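Protein chains: 2
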Amino acid sequence: MTRYKAIISYDGTNYAGFQIQPNAVTIQEVIEATLKRLNSGKPVTIHPSGRTDSGVHAVGQVIHFDLPQKRDVEKLRFALDTQTPEDISILSIEEVTEDFHARYLATGKEYHYHVDTGKSPNPFKRLYAAHFRYELDLESMRRAARFIEGEHDFSVFCATGSSVEDKTRTVYSVTIEEVGEDELLFIFKGNGFLYKMVRMLVGTLLKIGNGQLPEDAIQRALANQDKKMTGPTAQPEGLFLMKVDYNGEKKCHK
Amino acid sequence: MTRYKAIISYDGTNYAGFQIQPNAVTIQEVIEATLKRLNSGKPVTIHPSGRTDSGVHAVGQVIHFDLPQKRDVEKLRFALDTQTPEDISILSIEEVTEDFHARYLATGKEYHYHVDTGKSPNPFKRLYAAHFRYELDLESMRRAARFIEGEHDFSVFCATGSSVEDKTRTVYSVTIEEVGEDELLFIFKGNGFLYKMVRMLVGTLLKIGNGQLPEDAIQRALANQDKKMTGPTAQPEGLFLMKVDYNGEKKCHK
Chain A
1 MTRYKAIISY DGTNYAGFQI QPNAVTIQEV IEATLKRLNS GKPVTIHPSG
51 RTDSGVHAVG QVIHFDLPQK RDVEKLRFAL DTQTPEDISI LSIEEVTEDF
101 HARYLATGKE YHYHVDTGKS PNPFKRLYAA HFRYELDLES MRRAARFIEG
151 EHDFSVFCAT GSSVEDKTRT VYSVTIEEVG EDELLFIFKG NGFLYKMVRM
201 LVGTLLKIGN GQLPEDAIQR ALANQDKKMT GPTAQPEGLF LMKVDYNGEK
251 KCHK
Chain B
1 MTRYKAIISY DGTNYAGFQI QPNAVTIQEV IEATLKRLNS GKPVTIHPSG
51 RTDSGVHAVG QVIHFDLPQK RDVEKLRFAL DTQTPEDISI LSIEEVTEDF
101 HARYLATGKE YHYHVDTGKS PNPFKRLYAA HFRYELDLES MRRAARFIEG
151 EHDFSVFCAT GSSVEDKTRT VYSVTIEEVG EDELLFIFKG NGFLYKMVRM
201 LVGTLLKIGN GQLPEDAIQR ALANQDKKMT GPTAQPEGLF LMKVDYNGEK
251 KCHK
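Line by line, the protein sequences are chains A and B.
Here full-length UniProt numbering is used: position 141 in the first sequence is 141, and no number is missing along the way.
Here full-length UniProt numbering is used: position 156 in the second sequence is 156, and no number is missing along the way.
Because the hints were derived from the structure by calculation, they are not lab data.
Only a predicted model underlies this, so the values are computations on that prediction, with no experimental measurement involved.
There's no promise every hint is true.
The list cannot tell twin chains apart, which means a pair is met if one copy fits it or any two copies do.
As the list claims (entries may be wrong) - Straight-line distance between alpha carbons at most 25 angstroms, and here's what the computed SDA-like set of lysine to any residue pairs gives:
hint	residue 1	residue 2
1	K119	Q225
2	K243	Y128
3	K243	V179
4	K207	S92
5	K243	A159
6	K243	H131
Put together the whole structure using the sequences plus the hints.
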């Protein structure tokens, strides 16, 4: 048996998220069906660094899977890349040791969230950004974002439906950049993120920026697990899993 | 009667081009249906600077139309923008004199063509760029592009089906830029372009860059109207109509 690590990218628009489920097309299902064909019809299970939700995108998702024999990794990558639909891309495949695990060994993740702030929603961003047409105080949001950084119990920013017990995570940095005239880019780096945590944090930051929540709302939400100090979950289409780090790659965390 | 000029943007992916036709959804049909609702049910015809083909996008298409009465242009823009689908955006509307005509008075146009040159096609560019995975000699393409500039009879770069008689056009400039690691951007500026002319020129430049046509293929194609010296028509999804100039806006043409 040989274990492979792959970096994959996908446009989540047309999928009901990563994980296999009945009556809906998912990333996992499509990739596993292709791997099965490439494995003489024998099923192959893929394991991601973490699930992504319906409509959420990935630029650098990591998965691992096992095949009974050694393969030429570039041939395998090409076959998998060209036999999956155009909205899924296999960027790289490498052979790894059998103790590699895409989820358990992940030491850090980076997410981007795009917000289209144009007066009129940009047609080319409609599937890749949330549109927010109201006033935003960028400096206020940046000050509020400081409260996210560090080690916290993020339970109040975890959607129901999560089976994770320990909800303590360390967020290395949250930055908010202006991209062109009409776009904000939120960059989250941390050792891990809870179910819908990034989207709930963005929804809260937007409410703070718009003056509907106080600037210290996140501090208060975390200190008292106070749901009233949180905003709505921002739409899935703005969210991109950019990369996943493993041991020894911590240099990316600044 | 009051005439209005509007700048509109659309993602052409889900449309059979601009112009109304039976049994297919077009940009014109969708905008006219919305304008009709905003005009007490009376039909309104829109006139574009030029048609765009199925799958082609626009960032700054210009249209004009007439309404029986004066309107607050921002209210009209907002109504039209919010009542059209998300892949069509109405960027601005202004009142113009009755002699304004979006097509006849256009003095220049700018088109962009995006080519994804990544080893693996980028899922996020699949609807907005053509994928070209083979070797390209950028400098050779840039030298070849010089032959496009100036006033020429571009008949050999006009697809059949055009009813235009005079096929002489002036191309102000053709530039090819590298965007990031895996993308080429072709920028065409000229006083006008024939049916599928930009896509035929891009298809020819790619063949030149890949060594399948000589570097002077465009010069020879134009000099002798020699179809054998032209490449295929590049895919529609890479093409964007960026802006349309009218008298007095020539400053944009560098």
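Each hint tested on the structure:
1. K119 <-> Q225: Answer is neither: 35 angstroms inside a copy and 47 angstroms across each miss the 25 angstroms cutoff.
2. K243 <-> Y128: both (17 angstroms within a copy, 23 angstroms between copies)
3. K243 <-> V179: both (20 angstroms within a copy, 21 angstroms between copies)
4. K207 <-> S92: neither (39 angstroms within a copy, 28 angstroms between copies)
5. K243 <-> A159: Within one copy, since 22 angstroms is at most 25 angstroms while 44 angstroms is not.
6. K243 <-> H131: For K243 and H131, the Cα distance is within 25 angstroms both inside one copy (24 angstroms) and across copies (24 angstroms).
In this structure, the earlier hints numbered 1, 4 are contradicted, and the remaining ones agree with it.
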